[in-house]
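Q: Sequences listed follow chains A and B, in order. Residue numbering for the first sequence follows my numbering, starting at 5 and increasing by one per position. Residue numbering for the second sequence follows my numbering, starting at 18 and increasing by one per position.
Simulated from the structure, these hints should not be mistaken for lab results. Heads up, the beta-carbon is just placed ideally off N, CA and C, and yes, glycines get one too. Where hints are given, some of them may not hold.
[What the hints assert, rightly or not] Quick list of simulated restraints, FRET-style, between CB atoms:
(1) B:Q113 to A:Y65: 24 to 34 Å
(2) A:G57 to B:A97: 39 to 49 Å
(3) B:I29 to A:A109: 43 to 53 Å
(4) A:G57 to B:Q113: 27 to 37 Å
[What the hints assert, rightly or not] Taking beta-carbon pairs under 8 Å as the criterion, some of the chain A residues facing chain B (in silico):
(5) Y43
(6) G47
(7) L48
(8) F94
(9) L105
(10) W107
(11) G110
[To be verified] Simulated crosslink set (EDC-like; lysine to aspartate or glutamate; CA at most 20 Å straight-line):
(12) A:K53 to A:D89
(13) A:K53 to B:E116
(14) A:K62 to B:E116
(15) A:K81 to A:E19
(16) A:K26 to A:E12
(17) B:K43 to B:E70
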Amino acid sequence: AQSVAQPEDQVNVAEGNPLTVKCTYSVSGNPYLFWYVQYPNRGLQFLLKYITGDNLVKGSYGFEAEFNKSQTSFHLKKPSALVSDSALYFCAVRVDSNYQLIWGAGTKLIIKP
Amino acid sequence: DAGVTQSPTHLIKTRGQQVTLRCSPKSGHDTVSWYQQALGQGPQFIFQYYEEEERQRGNFPDRFSGHQFPNYSSELNVNALLLGDSALYLCASSFQGRETQYFGPGTRLLVL
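Sequences are here, hints too, so could you generate the full structure?
A: Next up, the structure:
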């Protein structure tokens, strides 16, 4: 069965420090990986994706993610956190033979001033 | 350029009733996917519509059905509502279902 794991329910970071939100996946086939952010009472907003090519992907709002095939991971990173980055972050995966996105349970990111 | 829109924003129903949720895709998109997001959880795939047909379905009962219109907009219908159907229902649109999915703001359904 295909699955996505976000091992941390919550990540706390001080403003200005680097942040990492972890994601690992288990799929049969080539993975297409995505990160989305959800603000309270809002829909999901696309941040970035990995389809193929360079393992380091850059996205919106200064976020980036690194695809690691051997570790089956796709961690989200940002060099310097902002208070406005506080939100719920979801990792999702799809394989080429399938149309549905499989989602992690989400990680709440709290950036403290 | 309008993004994905959904209506209504909120809805309250009682057990056993039926509900219809609506979605208009982003301009240029032809595929609509529906997801259910329970409180504190990640979204769960309900189904995807492409060319007015249900192309793929997740693990949801037949009480959940849908439709896609020639203008690519879509409806999600849920019959015989259960308390457990209370959730945020998200619509996502994409081009041919293989590209990035863009989400609407969701419809929050409360079943009493």
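Q: Hey, K62 (chain A) versus E116 (chain B), does the alpha-carbon distance stay inside 20 Å?
A: Answer holds: K62 (chain A) to E116 (chain B) is near 17 Å, not above 20 Å.
Q: When you check the alpha-carbon spacing of K53 (chain A) and E116 (chain B), does it fall within 20 Å?
A: Judged against 20 Å, a Cα distance of about 10 Å means the pair holds.
Q: Under 8 Å is the threshold here; is the Cβ of L105 (chain A) close enough to any Cβ of chain B for the hint to stand?
A: 6 Å, holds
Q: F94 (chain A) was flagged as interface toward chain B. Is the shortest Cβ-Cβ separation under 8 Å?
A: Holds, because the Cβ-Cβ distance from F94 (chain A) to chain B comes to roughly 6 Å (cut-off 8 Å).
Q: The hint says 39 to 49 Å between G57 (chain A) and A97 (chain B); measuring C-beta to C-beta, is that right?
A: 47 Å, holds
Q: Can you verify the interface hint for W107 (chain A): is its Cβ closer than 8 Å to any Cβ in chain B?
A: Since the shortest Cβ distance to chain B is 3 Å, the answer is holds.
Q: Tell me if the straight-line CA distance from K26 (chain A) to E12 (chain A) falls inside 20 Å.
A: 7 Å, holds
Q: Let me know if the C-beta of L48 (chain A) comes in closer than 8 Å to any C-beta of chain B, holds or violated.
A: 4 Å, holds
Q: What's the verdict on K43 (chain B) and E70 (chain B), does the C-alpha distance respect the 20 Å limit or exceed it?
A: 18 Å, holds
Q: Are the Cα atoms of K81 (chain A) and E19 (chain A) separated by 20 Å or less?
A: Between K81 (chain A) and E19 (chain A) the Cα gap is close to 14 Å, so the pair holds against 20 Å.
Q: Is the shortest C-beta separation between G47 (chain A) and chain B less than 8 Å?
A: Result: holds, 4 Å to nearest chain B Cβ.
Q: Honestly, do Q113 (chain B) and Y65 (chain A) meet the 24 to 34 Å range at C-beta?
A: Taking Cβ atoms as reference, Q113 (chain B) and Y65 (chain A) lie about 27 Å apart, which means the hint holds.
In this structure, the hints that do not hold are numbers 3, 4, 5, in rising order.
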